[in-house]
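Trainee: Take a look at the letters that make up each chain.
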Amino acid sequence: MSSPQYDESALTMSISTHTPADADSPALSRKSLLPAIGKDQWVLGLVIAAVVLYLIITLLLPLLSMLARSVQDSDGAFIGLNYFAEYLGNPALSQSIGNTLKAGAIVTTIVVSLSFLFAYGLTRTQMPLKPLFKVLGMLPILAPSLLPAISMIYLFGNQGVAVDLLFGHSIYGLPGIVMGLAFWTFPHALLILTTALSTSDARLYEAARSMGTSPFRTFTTITLPAAKFGLISTVTVVFTLVVTDFGVPKVIGGQYNVLATDIYKQVAGQQNFAMGAVISVLLLIPALLAFVIDHRVQKKQKELFGARSVNFEPERNPVKDGLFFLLCSLISLAILAVVGMAIYGSLVTFWPWNMALSWNNYHFEKFSANGWEPYLNSLEMAFYTAIAGTLIIFITAYNVEKSKLPPILKHFIHIMAMLPMAVPGMVLGLGYIFFFNQAGNPLGILYGTMAILVINTTAHYFTVGHLTALTALKKLPAEIEQVAASLKIPQYKAFLKVSLPVCTPALLDIAIYLFVNALTTTSAVVFLYSTDTMLASVSVMNMEDAGQTGPAAAMAVLILATAACVKIGHMTLGKLLLNRTQKWKRS
Amino acid sequence: MQPFLTIESLGKSFGDFTALKEISLSVNKGEFICFLGPSGCGKTTLLRMIAGLEACHQGEIWQDGTRITSLPPEQRDFGIVFQSYALFPNLSVAENIGFGLKNQGQSKREVEKRVNEWLDIIGLPDSGPKFPSQLSGGQQQRVALARALALSPGLLLLDEPLSALDAKVRIRLRETICKLQRKLGITTIMVTHDQEEAMAMADRIVVMNHGHIEQTGTPEDIYKHPASRFVAEFVGAMNFLEGDTNSNNQIQLANQTLSLPVAESTARKVILGIRPEDLSFSEGQSALPVSVENLEFQGSFVRAECSPVGWGTERLIKVDVPIHQLAALELEPGSLNQLSLSEKHIHVFPAV
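Residue numbers (our numbering), protein chains in the order written: chain A, 4 to 590; chain B, 1224 to 1575.
Mixed in with the good hints there might be a few duds.
Said to hold, decoys possible - Partial pick of chain A residues on the chain B-facing surface, computed with a CB cut under 10 Å:
#1 P131
#2 L132
#3 K133
#4 S406
#5 A481
#6 I492
For the record, the hints were derived by calculation from the structure and aren't laboratory data. Even for Gly, the Cβ is constructed at its ideal location relative to N, Cα and C.
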């Protein structure tokens, strides 16, 4: 039975007993090379083709256009690295490289140390008011980076309330950039480090105690190594955010030029697109480097934590708790001061001559022809991005995780999904100009529309959404679709009845994340808006540029307030929705 | 009788790696078949090809007179149970079992009736409204079994359904599956790497290794007449001793000539396989001196590990001594004994 081909009698038997008449040698030799393809597979194939095409158009081609432009002259002829040589040979331009790295190094050092202490306080002590500190520590994530910059002007500018604290130094330049970005990047660092510190294994601490290890030694041998990867990750994330940010140096950078503002100056100021492309390439290098380091670290981290870890419960320790309470209070107060200053500034009628409080600055129509329109545009853009972006991101992640794609295709989609993390907004925005504005590109009709802003913002914030969706999908049993097929249930039905409801919390997270970022982003969209699609964050920048600091502050505060409302809505309304769809989790 | 399932010269490769080659097999209606083999032998791939979850690169599959080789899974007729249960986590137990029925357009009442029947059959009559996460692993797997059978498929595929469960639960569920299978008379194929499980459950076992079938036969057949050294080693315990062939084409072990049929091999060496329970300690003409190294208590028998004295291999020889014979033997580590082997229990394999 097992090997009839070696047994003559079995072979003759098999011919006479074969069920189907046409199953002898001709049929045997015919190879069915086609895999089993059903209706579901066709639908899936079309969706995958659409996803790949989408990623190529919205990410790969714009970036390639940008790279191509950096080695072409204005007529499109290849000139090699001439522009790079020109850029590096001009000290006035190339000093920005040093400036950018310096700002990055300083902010990273400050933010990583402070956020580590803050996160330690939240996760490893029994200090009071922890929930409040958590909220305050995360607050800056809801603000556009322009907000702390404007606050810095109110606090330490030439007419600032606390200018004396600078002892004659100017806030414009490196000090302003450092303070503004330290505020703005703090929650990003806090988020990673809180996670890193809370995943520690209590059993290790029990073992250390049973051996009589000193607290300091416990810290250096258990706590730090466990948080090592989180720390490295934080360093790369903060550094990338700082070197690629455009809002803060634009407002408060003064004569201190950095790469991100240089791109803007070259493109918006001097219409020198090629030089803009060259600087973009230079800005991509540190960002890509940080991305690669982070990627390596993430891979290692997965191997570190076991599923059997026991949660760590910190013990009361009056001295330690008090110390961290004090420290967290100070940091929280600083954050509140920055936010409060922006709110206060926005309410002062005309700084510094008329300090009476009024809603004057919120009458945007008095200051700009666009009036409230930018705010409404931003809401619209954020709404569309949240809906369309979540859909696209989830479908992409679903295909990466659930379909049996050829490895090359899977890899391609994954890299495309991870890449946006490493691409600074300015660079992506410039790439969009080059690609969509190209003569003969039929997609050029998108240029200047709301659609391109939505597409660009989705591409810009793709990575975090993608990772969130992947994590959620990985929690689903891998064979759900196969079981559905065996039960003759169409894939779309299984998707709607099972995968989608199970992933609802993740979808909501992604949508809120996209909404808040679409509201606050400045960098990429600054190249892509038209007079009809002016956005709130861009109008903050423009009004500030025109010396209208008050209305600029008002608009920035409005963005922050809106983002905060959305977040609060997420936490309350979202909970109701989750109670309905996630009943199965409670056991 | 026509076979219910016929597999002909099935082959599959991933790049340079050949996952399956020249697999041929027929399964009769109502038969319980086990695909047994070490991990990576291709047994799961074969099962997935029968389900249509993997594409066939070569060969044909026929089920119930229909060529299904290139049909997608939803157009085939099978129910499947995975090691991971793969229950729909957000649907209740009743909804899990009834999902397929409901999708077929059966009335609500009809579905409810069938679901309740199934809940009774799997012994979880009150668990309908519960969610899978509220059940134990064994209970979840029973729900998965009911779900797979609810549409009354012609073929039941089980992909290591018991491997994730505790030993006790595993044996209970093993009985449940067998009883249900016999009651429904459903043709069943189960993949497992556990030879004990395969022997206890299957009508016939298909032993696989490196993408091909080593042997197909009843559990007894496979155990008593292993077709290859691999099967002998994988199913049950087996001692392997090196033997020589002399000029008269007779097999010699430790200078004793054995009257065993010799395979048509020109090699001078052969491998002799003897199961531990087929060896015994007793004086006799062909007895071989050994020294007992180690005794392992196993409940109904004691496994003695012996090293040959002055002959044969360096490998230890395992001997199973029934517990009721132990007292008479005075075995202890270091003691010298005589080992006797009966020729009818010796399996001869060509040396590699």
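Trainee: Evaluate each hint against the coordinates.
Mentor: Outcome of the hint check:
Residue-level restraint check for P131(A) is violated (minimum Cβ-Cβ distance to chain B is 35 Å; threshold 10 Å). The criterion of a C-beta within 10 Å of any C-beta in chain B is not met by L132(A), whose closest approach is roughly 35 Å, and the hint is violated. The beta carbon of K133(A) is not positioned within 10 Å of any beta carbon in chain B (closest approach about 30 Å), and the interface hint is therefore violated. A least Cβ separation of about 13 Å between S406(A) and chain B goes past the 10 Å threshold, and the interface hint is therefore violated.
Proximity of A481(A) to chain B holds as hinted, the smallest CB-CB distance being about 7 Å (cut-off 10 Å). Proximity of I492(A) to chain B holds as hinted, the smallest CB-CB distance being about 5 Å (cut-off 10 Å).
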